[in-house]
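Peer 1: Sequence:
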Amino acid sequence: MLSADPHRAAPLYAEAVTTPLRAVLDEPRPSAPPVRVWRDWALVTVVAVCVVLESVARPDMPFPAFSVVLTVGLALLLPWRRTHPLAVVAAVFGVLAVVDVALIAAGAPALDIASMLWFMVLPYSLYRWGSGREALVGTAVILVPAALSLYVGWGGLTEAVGGIAVLIAACALGLAVRSRHGAQERRLDTVKAEERVRLARELHDTVAHHVSGIVIQAQAGRAVATTSPERATEVLAVIEEAASRTLTELRSMVGVLRAADDACLSPQAGVADLPQLAGRSSGGPEVDVGLSGQLDGLTPAVDAALYRLAQESVTNARRHARHATRVTVRVVGEAERVRLTVVDDGVPGPAAGHAEGFGLVGMRERATLLGGTFRAGPGPDGGWLVEAVLPQDGGTR
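Okay, so the sequence shown: first residue is 6 according to the working numbering, each after it adds one.
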């Protein structure tokens with residue numbers, strides 16, 4: 006039940022009123038409006054032609070020459086209605102207010118220019134392109150000459166209601182278009198953010214794997230440099246090859262980003278490329294890769310994800326598993342899902358060691374986005390175990 010204490014209720018009522026108002030006042034302008042020069046000047050031309058034809062077709066129009074000059078002069082401001090909506094509204098409706106006041110003072114008949122209905126595009130532009138403060142101030146500016154026009158040239162309740170309805174419709178249309186475009190921009194920003202995360206994940210997976218191997222090779226080369234120069238030379242050759250592969254993959258990623266065709270947005274390494282991880286790197290554990298089961302129906306996203314998950318897991322094992330001699334990679338395809346397990350026989354480092362950087366975070370995100378599961382931790386028989394289970398269709402069904 007609401008409190009009956011007015012001293013306690015007053016702040017709540019004040020907040021309920023001021024919060025929406027503050028939100029409206031703080032609403033910024035939309036992004037930069039488009040430049041449509043020919044459309045704007047076409048609108049100005051149409052207004053000018055209409056008012057001239059109206060002055061010729063209507064002998065009863067009061068002050069025909071003045072009406073034509075006034076309407077055409079104000080129409081020249083229409084091209085700036087997007088970039089300066091409040092200024093244009095203030096100028097147009099301010100001039101109309103001054104004219105109405107002058108007519109009232111002189112006892113002259115009111116201006117009756119049907120062509121001025123074109124200026125209802127200004128309330129639309131105000132709510133479409135103006136900030137919250139501009140919309141509120143502009144609405145007040147519009148209402149003053151509107152009220153004066155009704156006073157000077159009262160044509161009955163029907164005409165007054167019709168004019169107000171047109172004004173409200175113009176404002177509502179501008180607000181609706183603004184909201185729709187704002188929602189589209191927010192969706193686009195979300196897509197861009199997701200794409201940045203995806204690219205960061207791809208870059209991390211690609212570079213971390215090869216650079217970690219280069220570091221291990223360099224450490225091994227330094228260890229044997231004094232005792233076995235020939236072996237050190239072989240290690241340098243391996244480092245050169247790994248660096249070349251890294252450069253090739255980076256160039257491939259850059260090429261994908263620059264490509265005009267969006268059909269391929271990610272590197273194409275997949276399950277079929279996992280055997281390339283097998284073998285022993287100098288100073289590192291041996292990697293054994295095994296593939297079995299139904300692996301032909303994988304979607305491209307799942308195929309690439311399995312490779313990246315396995316690659317990152319092998320990289321982590323080489324970097325963090327102490328005294329590891331073997332890393333086992335297994336991919337098993339089942340009826341509706343595929344299971345990846347990567348386990349080493351070393352002594353697991355601290356959890357923080359395996360979670361260093363964005364490796365495990367990116368792996369978990371990659372699996373989750375495809376509707377799968379991911380876990381990493383000490384294995385039941387020792388070592389470090391990584392397991393990911395993904396739907397074969399990438400969660401699209």
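Hints are computed from structural coordinates only; laboratory data are not their basis. Every residue gets a Cβ at the ideal spot worked out from N, C-alpha and C, and that includes glycine. Among the clues, some could well be false.
Said to hold, decoys possible - Capping the alpha-carbon separation at 20 Å, the derived lysine to any residue pairs in SDA-like fashion look like this: (1) K197 with L375; (2) K197 with S297; (3) K197 with T50; (4) K197 with A306; (5) K197 with G388; (6) K197 with G187; (7) K197 with A37; (8) K197 with H186; (9) K197 with A181; (10) K197 with S36; (11) K197 with R331; (12) K197 with L180.
As the list claims (entries may be wrong) - Derived Cβ-Cβ restraints for the label pairs, each shown as a range: (13) W85 with G302: 23 to 33 Å; (14) Q281 with T88: 14 to 24 Å; (15) S249 with A228: 32 to 42 Å; (16) S249 with R44: 46 to 56 Å; (17) D398 with T238: 21 to 31 Å.
Peer 1: Now look at each hint and say whether the structure bears it out.
Peer 2: Do the hints match the structure? See the list:
1. K197 with L375: 18 Å, holds
2. K197 with S297: Outside the cut-off at roughly 37 Å; violated.
3. K197 with T50: Measuring from Cα to Cα gives roughly 41 Å; hence the hint is violated.
4. K197 with A306: 18 Å, holds
5. K197 with G388: Violated: K197 and G388 sit about 38 Å apart, past 20 Å.
6. K197 with G187: 15 Å, holds
7. K197 with A37: 19 Å, holds
8. K197 with H186: 16 Å, holds
9. K197 with A181: 24 Å, violated
10. K197 with S36: 16 Å, holds
11. K197 with R331: 40 Å, violated
12. K197 with L180: Not OK: K197 and L180 at ~26 Å, beyond 20 Å, violated.
13. W85 with G302: 23 to 33 Å: 59 Å, violated
14. Q281 with T88: 14 to 24 Å: Roughly 56 Å apart at Cβ, these two residues miss the hinted range, so it is violated.
15. S249 with A228: 32 to 42 Å: Once the Cβ atoms are compared, 23 Å apart, the range 32 to 42 Å for A228 and S249 is violated.
16. S249 with R44: 46 to 56 Å: Taking Cβ atoms as reference, S249 and R44 lie about 55 Å apart, which means the hint holds.
17. D398 with T238: 21 to 31 Å: 49 Å, violated
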